[in-house]
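*Asks:* For reference, the chains in residue letters:
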Amino acid sequence: MQKIHKIASEIEKDSIISLAEKGKRLDGRGLEDFREVTIEAGVIEKAEGSAYVTLGDTKIMAGVKLEIGEPFPDTPDKGVFTVNAEFVPLASPVFEPGPPDEDAIELARVIDRGIRESEAIDLEKLCIIPGEKVWIAFIDIYILDHAGNLFDASTLGSITALLNTKMPEVKVENGEVKILDKLVSFPIRKIPVSVTFAKINDKLVVDPCIEEEHVMNARLTITMDENDNIVAMQKGGAGTLKTEDIYKAIEIAKVKTKELREKIPRGVSNG
Amino acid sequence: MQKIHKIASEIEKDSIISLAEKGKRLDGRGLEDFREVTIEAGVIEKAEGSAYVTLGDTKIMAGVKLEIGEPFPDTPDKGVFTVNAEFVPLASPVFEPGPPDEDAIELARVIDRGIRESEAIDLEKLCIIPGEKVWIAFIDIYILDHAGNLFDASTLGSITALLNTKMPEVKVENGEVKILDKLVSFPIRKIPVSVTFAKINDKLVVDPCIEEEHVMNARLTITMDENDNIVAMQKGGAGTLKTEDIYKAIEIAKVKTKELREKIPRGVSNG
Amino acid sequence: MQKIHKIASEIEKDSIISLAEKGKRLDGRGLEDFREVTIEAGVIEKAEGSAYVTLGDTKIMAGVKLEIGEPFPDTPDKGVFTVNAEFVPLASPVFEPGPPDEDAIELARVIDRGIRESEAIDLEKLCIIPGEKVWIAFIDIYILDHAGNLFDASTLGSITALLNTKMPEVKVENGEVKILDKLVSFPIRKIPVSVTFAKINDKLVVDPCIEEEHVMNARLTITMDENDNIVAMQKGGAGTLKTEDIYKAIEIAKVKTKELREKIPRGVSNG
Amino acid sequence: MKFIKHEIPQKLITEDGLRTDGRRFHELRPIKLEVGILKRADGSAYIEQGRNKIMVAVYGPRELHPRHLALPDKALLRCFYRMASFSVEDRKSPAPSRREIELSKVIREALEPAIFLERFPKTAIDVFIEVLQADGGTRCASITSAALALADAGIPMRDLVSAVAVGKVDGHIVLDINDLEDKYGEGDMPTAMMPRKKEVTLIQLDGQWSIEEFKQGFELALKGCEQIYQLQREALKKRYIEIREQAAKEMGENAENT
Amino acid sequence: MKFIKHEIPQKLITEDGLRTDGRRFHELRPIKLEVGILKRADGSAYIEQGRNKIMVAVYGPRELHPRHLALPDKALLRCFYRMASFSVEDRKSPAPSRREIELSKVIREALEPAIFLERFPKTAIDVFIEVLQADGGTRCASITSAALALADAGIPMRDLVSAVAVGKVDGHIVLDINDLEDKYGEGDMPTAMMPRKKEVTLIQLDGQWSIEEFKQGFELALKGCEQIYQLQREALKKRYIEIREQAAKEMGENAENT
Amino acid sequence: MKFIKHEIPQKLITEDGLRTDGRRFHELRPIKLEVGILKRADGSAYIEQGRNKIMVAVYGPRELHPRHLALPDKALLRCFYRMASFSVEDRKSPAPSRREIELSKVIREALEPAIFLERFPKTAIDVFIEVLQADGGTRCASITSAALALADAGIPMRDLVSAVAVGKVDGHIVLDINDLEDKYGEGDMPTAMMPRKKEVTLIQLDGQWSIEEFKQGFELALKGCEQIYQLQREALKKRYIEIREQAAKEMGENAENT
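Residue numbers (the working numbering), protein chains in the order written: chain A, 1 to 271; chain B, 1 to 271; chain C, 1 to 271; chain D, 1 to 258; chain E, 1 to 258; chain F, 1 to 258.
Just chain A, same shape as in the assembly:
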């Protein structure tokens, strides 16, 4: 069965490459087109925030859980967040049970960088008692069906889950933290969005599907904030990029991040 799969993918490989040369793709998209995107917020009631994203056949679920804990010693007046990605074996024949591997860690760290470097979360607002108690947000991304471009799906899922997150107001009395009934929105002030490219021979394609990822030479992810600042960039894959590839990718990302940002459902702001 695996052998057949192998031969099929050799043929597929040639076909993807020759299509790309003609500016075409397997599923009929243009080189700069995204697959269909759906973003659903708040699907997991037990989470403080959540989002289910589909990008073509790729499906991911992002959830946010909050806890009260200690700040880092060097940032005593700031809350903490961590991003974790789980490549559960549900999602792909090549994923295996176990702790995150290098791909899952790279994904999580690139998503983290987009959020952190854009200063998307107002971490000062997560401080409860400076140096002692702050809110800690755990952003967990579960890959459910891996049909390519986990980076962009996960960035969308994470930021949507954060926009959707509700946290209780707290009061400090005699050094003790009291959790109140009133829920407020999580303090989000920027919406980083990423666009990922695959280099196939000498063409750049946007939002690669899994078959394209199998044949690409290199990958480039560019994350931008709403002011067209580049806040994260990550080259992947065993191939190379040319200077003009990178410049061209930035121009495309500038347009596409805006389009994707429009699709994100916004939480009701805490007025």
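Don't take every hint at face value.
[Claimed, not checked] In the DSSO-like style, the derived pairs of lysine-lysine whose C-alpha atoms are separated by at most 27 Å in a straight line are:
(1) D:Lys183 - A:Lys182
(2) C:Lys254 - A:Lys133
(3) A:Lys242 - F:Lys238
(4) C:Lys203 - E:Lys215
(5) C:Lys78 - E:Lys39
(6) A:Lys24 - D:Lys39
(7) D:Lys215 - B:Lys78
(8) C:Lys248 - E:Lys11
(9) E:Lys74 - E:Lys249
(10) D:Lys198 - B:Lys203
(11) C:Lys24 - C:Lys248
(12) C:Lys242 - E:Lys74
(13) F:Lys183 - A:Lys78
(14) D:Lys215 - B:Lys190
(15) F:Lys249 - C:Lys24
(16) D:Lys74 - A:Lys125
(17) F:Lys215 - A:Lys203
(18) D:Lys198 - B:Lys248
(19) E:Lys198 - C:Lys254
(20) E:Lys2 - B:Lys78
(21) B:Lys13 - D:Lys197
(22) F:Lys198 - A:Lys22
(23) B:Lys242 - D:Lys74
(24) D:Lys74 - B:Lys203
(25) D:Lys39 - B:Lys248
(26) D:Lys2 - B:Lys78
(27) C:Lys190 - E:Lys215
(28) B:Lys24 - E:Lys2
(29) F:Lys198 - A:Lys248
(30) A:Lys22 - A:Lys133
(31) E:Lys39 - C:Lys203
(32) B:Lys248 - D:Lys197
(33) C:Lys178 - F:Lys183
[Claimed, not checked] Computed footprint of chain A on chain F; a stretch qualifies when at least three of its residues, placed anywhere within it, have a C-beta under 8 Å from a C-beta of chain A:
(34) 101 to 107
(35) 197 to 209
(36) 213 to 223
By construction, these hints were calculated from the structure, which means they are not laboratory data.
Here the structure is a predicted model, which means the values were calculated and not measured.
A virtual CB, placed ideally from N, CA and C, is assigned to each residue, including glycine.
Once you have looked at the hints, place chains B, C, D, E and F on chain A.
*Replies:* Relative to chain A, chains B, C, D, E and F alone:
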């Protein structure tokens, strides 16, 4: 050597099955007979409680260690106990060094359920300072020779070790816990006992030996307290049970748990 | 490639053995000679203490990091130190990434024993607030090039790094530890040094190189303080030693430890 | 949401014999079953039962590494039950807990009797279960859903497996307990059966049950499994229709393209 | 029992030259050796030495996974020394400590010279040691017991291995130190030897020993090993008699059954 | 030394346009490169760049365990970037951090395009990187050094790989940022290229960069890589001379011995 072993066990398999059909067993027991049981309490002086159990050739050692620690947040006025089973490679050619595998975890959790659901331990009596300090009991079961039916041997060992456990009286002074010299018994108020069945073709046999476990379709463990309440039940194995199997097993367990309970050496109660 | 290596080493083995019989060695040394030793202190500025040791082609780096932490409950007025050895895969084709294996653990524990049993560190001087705050010293040994006799190179590296360690003075105010600007020397009062022997057929050789370690029957490490006390001893390897081997090794160690101790650069003492 | 204060209910059963979610004693929660929802898996299914949301994927029969794990005479069935970190009130660490390891084992043993493993010697059949939200009775909902995913993967089966938990709640024996009833009730008895063969493939129990209560609960569980079985059949039927329609559509498209 | 208050003894040696447990300097603790106590293992032995209680099982020669670990020219000897969680005052975590890993290694290297490993190429011989209660000198008691378990497994040996620790206690060199002497004494020197060949297979040392003290201690250790060797021989003899009797009995039973 | 109090600089750039270590914007730190410094490794290199001290060893092409990891058509390149526990102010635990795992991956992908892996099917080429002291820009210094170690191991390469990070510091785009600039600056962009082919093999970025700033920084990085490349060539040349001299010397010695 393994091949010979394999063939031998095929012959043995047929022989066990055809014997069971005739109401007989390899070692001459009747279908509802236990092997010889010996239970020795207090064999490990360094443990707070201990018991050494043999069930035919099966040998296990259970030990209890106590520590003072924090209660769970949702039960601030209760002590804590955990059950852990170690399938040390001493006991069987198929056990390997390493953390507990699924069999060891299942065993520990079924033993735990019997103790917990029967409310055998008076957890309130293990509370020292509500929300802050409670006694934590670690019940560790070491399998030393695996000749079948670890469940019943381990249940007997655990409850005997608990009955045999001594703890110091404590005094709270200015929020500090002071350990006194006087030793008292661990607060046990119920004695859960389990009976395990193997289904071999369409026969139920009690207390399966290892050879029977190799050929059984399914396993059923029933744990009862002294009031004939069922407090834990666990089906195991890749086969099925019929409704009448389960009902019949319960009737047998009702009788056998009483017989086994008689064999448990009782600690001197703390009057 | 491995096969060639294997054959080569068979020839080498014979040659090492027959040389040893004649009182000679592969690299021209006498049976009781050390290879050239260089010891450089303070090479890692970010460490509180460090040393780089070469012993022939063997290269190791030892570093000391300090932290303030809690003492052990049974020694509330003493600081803490730990020794850890990392056999990083840089150093040898047979080292693999991962947590320390039995060889790395044995090495670390023998080095630890030499320091601990000689009472080289004045642990009382590492106490800041009895029972609450003490200095904790992490001594980490990185093997960079494994050309034999890691024991002696690592003992030299560890004690040199400790002699080279600087720690800040501290002041306790209202139960809080305040770190002052003034740096003082780490309190070292003894200098344990080890000498390692390989038994090759019936000869003892000092400071075995890696090729000799491959053919030796047994290994013996003897650590002595400056008063000729034996403070640690460790036999290794799958062979045996005779009583006279051990007695002879002690006599040689008595001489060699003095010679090696002379080569250790001393830190400026804290006057 | 952890921070919405849930009052612990004074009574789990009202004077009118209604449960916390308004159900009668012998009533199932609303159940939604979908088959074939994942693209990469060989078979898949999704279940919502109350607020449970569980996804199951099946891969196999397939090659197995390391090879010495392979069985000479049948497929190796492996089962991984995992809870997403955000599926419960307090974040669950992604490392498998002892509970998840035990449940993976009993779920596997509940499914195994229904599968013709002997037709695929030396291979592995892997069942991956991801609990996205947990609301009581997840092991049973997982089994119900996994049986559909196995069927969707085209793995030949003797029978489906249908599962449901009964509980002892304020002294009453009730069907399909929810999270609150699980936490504050007096007993839980997860049960699975092969519905056509009437054979039990899972039975576990906690709490304190008299023999009479046990029998009452067990018979209720078997009835519940029957109801679940009907829902499973409908979900499979729906999936077959979808596949047929899709195949027809693809044939049409292919005809167009040529 | 952790909570029985042990006074730390003011003196480890009385004015009359007696030790905390009443022994003289050159006296062993009471030792009980049993061979062949486990059913599943290929060989086994149990030792009580003072309050030490240690069980040893041997499996092998047997196949080895993964295969690339196998040695082409001899058996791979593996050794696992572990302490039960309840074997010491403060509960020991079941995960192997660095101490257990080091001791496993030195015990293996103490046993290895005595075994004809070259007769079983490509196989594994596994020695599993479980310390059920620890009372000082466990590594030596483990070696003494493991040598018997290897013999019980029928593994051909050049010699037995006998082991004992000497210590430096209140300035005196004493044989077979117990827990208190280990903790509060000034030095510990575990030693093992092949008794007929007079070759040392284990020597370790901690504390501060002058060269003279070392020699005195080392010679005492060798004498102690001789005594242990006699006890090992008796235990093996007892086991052979048992086996003979059992074989005779089984032959009788078989005759009856036919 | 953690306990020397480092004042956080008010300004990272002086009014005269000088950086914390006195450099101009487009200036590299002092770089020292040594090739072939380890005896056991097949190839090795050492780099000091500012206070960075990094050792790299290459082993391979060599056999690979377990075998099923081997690739049928090329060598498997593996890369392990690790920081010594004492390489940073606060002791780093020896267990690999998520950062080390990500960096190992991007370093591997930065080196891979330069190696003729297809010439060594079914083997492994292992690159081990040990950061003995870290001072900002370690991943780039590691790549620079690893390329030399690969060459030293005689592994055929399409090109070297040269790497350097640029940063955004107090609004300025500067070359080869140090630890302080990394921590307190506004952005970091590590870049690697194959210098003769002008192809980019690594690009990462954090901070907030306008598109214009990005372009300015990226072009500066490429220029920096060119400079690094010249230093790499010199280091290799020095190594070849050493080898030649050593070979000549050994031939002389051999002649003497015969």
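*Asks:* So, for every hint listed, does it hold in this structure?
*Replies:* Outcome of the hint check:
With a C-alpha separation of about 26 Å, the suggested pair Lys183 of chain D and Lys182 of chain A falls inside the 27 Å cut-off, and the hint holds. As the CA atoms of Lys254 of chain C and Lys133 of chain A are separated by approximately 58 Å, the hinted pair breaks the 27 Å bound. With a C-alpha separation of about 31 Å, the suggested pairing of Lys242 of chain A with Lys238 of chain F is violated against the 27 Å cut-off. With a C-alpha separation of about 21 Å, the suggested pairing of Lys203 of chain C with Lys215 of chain E holds against the 27 Å cut-off.
A C-alpha spacing of about 49 Å is found between Lys78 of chain C and Lys39 of chain E, which places the hinted pair above 27 Å, so the restraint is violated. A distance of roughly 23 Å separates the Cα atoms of Lys24 of chain A and Lys39 of chain D; the hinted pair therefore holds under the 27 Å criterion. Taken as a hint, the Lys215 of chain D and Lys78 of chain B pair is broken in the structure, with Cα atoms around 32 Å apart against an allowance of 27 Å. At most 27 Å may separate the alpha-carbon atoms for a hinted pair to count; Lys248 of chain C and Lys11 of chain E exceed this at roughly 35 Å.
The hinted pair formed by Lys74 of chain E and Lys249 of chain E fails the criterion: a straight-line CA distance of about 37 Å is larger than 27 Å. With a CA separation close to 18 Å, the supplied pair Lys198 of chain D and Lys203 of chain B stays within the 27 Å bound. In summary, the hint linking Lys24 of chain C to Lys248 of chain C is supported, as the alpha carbons are separated by about 18 Å, within the 27 Å threshold. Restraint check for Lys242 of chain C and Lys74 of chain E: satisfied, since their Cα atoms lie roughly 24 Å apart, inside the 27 Å limit.
With a C-alpha separation of about 17 Å, the suggested pair Lys183 of chain F and Lys78 of chain A falls inside the 27 Å cut-off, and the hint holds. Distance hint between Lys215 of chain D and Lys190 of chain B is fulfilled; the C-alpha atoms sit about 23 Å from each other, no more than 27 Å. Straight-line distance between C-alpha atoms of Lys249 of chain F and Lys24 of chain C comes to about 23 Å, which keeps the hinted pair within the 27 Å bound. Distance restraint check for Lys74 of chain D and Lys125 of chain A: the Cα-Cα separation of roughly 58 Å exceeds the 27 Å cut-off, and the hinted pair is therefore not satisfied.
Pair hint Lys215 of chain F plus Lys203 of chain A holds up; C-alpha atoms about 21 Å apart against a cutoff of 27 Å. As the CA atoms of Lys198 of chain D and Lys248 of chain B are separated by approximately 17 Å, the hinted pair is consistent with the 27 Å bound. Between Lys198 of chain E and Lys254 of chain C the alpha-carbon distance is near 25 Å, which keeps this suggested pair within the 27 Å criterion. For the given pair, Lys2 of chain E sits about 22 Å from Lys78 of chain B by alpha-carbon distance, which is consistent with the 27 Å threshold.
Pair hint Lys13 of chain B plus Lys197 of chain D holds up; C-alpha atoms about 26 Å apart against a cutoff of 27 Å. Restraint check: the Cα-Cα separation between Lys198 of chain F and Lys22 of chain A comes to about 26 Å, which is no more than 27 Å; the hinted pair holds. With a C-alpha separation of about 24 Å, the suggested pair Lys242 of chain B and Lys74 of chain D falls inside the 27 Å cut-off, and the hint holds. Distance restraint check for Lys74 of chain D and Lys203 of chain B: the Cα-Cα separation of roughly 25 Å lies within the 27 Å cut-off, and the hinted pair is therefore satisfied.
Of the supplied pair hints, the one linking Lys39 of chain D and Lys248 of chain B is violated, its CA atoms being roughly 46 Å apart against a limit of 27 Å. Distance restraint check for Lys2 of chain D and Lys78 of chain B: the Cα-Cα separation of roughly 23 Å lies within the 27 Å cut-off, and the hinted pair is therefore satisfied. For the given pair, Lys190 of chain C sits about 23 Å from Lys215 of chain E by alpha-carbon distance, which is consistent with the 27 Å threshold. With a C-alpha separation of about 48 Å, the suggested pair Lys24 of chain B and Lys2 of chain E falls outside the 27 Å cut-off, and the hint is violated.
Pair hint Lys198 of chain F plus Lys248 of chain A holds up; C-alpha atoms about 17 Å apart against a cutoff of 27 Å. For a cut-off of 27 Å, the pair hint linking Lys22 of chain A to Lys133 of chain A is broken: about 58 Å separates their Cα positions. Simply put, Lys39 of chain E and Lys203 of chain C have alpha-carbon atoms about 45 Å apart, too far for the 27 Å limit, and the pair is violated. Distance check on the hinted pair: Lys248 of chain B and Lys197 of chain D sit about 19 Å apart at the alpha-carbon level, within 27 Å; holds.
At most 27 Å may separate the alpha-carbon atoms for a hinted pair to count; Lys178 of chain C and Lys183 of chain F meet this at roughly 25 Å. With 5 residues bearing a CB less than 8 Å from a CB of chain A, the region 101 to 107 of chain F meets the requirement of three and the coverage assertion stands. Evaluation of the coverage hint for the region 197 to 209 of chain F: fulfilled, as 13 residues show C-beta separations to chain A shorter than 8 Å, against a requirement of three. Given a C-beta distance limit of less than 8 Å, the hint that chain A covers the region 213 to 223 of chain F holds, as 4 residues qualify and 3 suffice.
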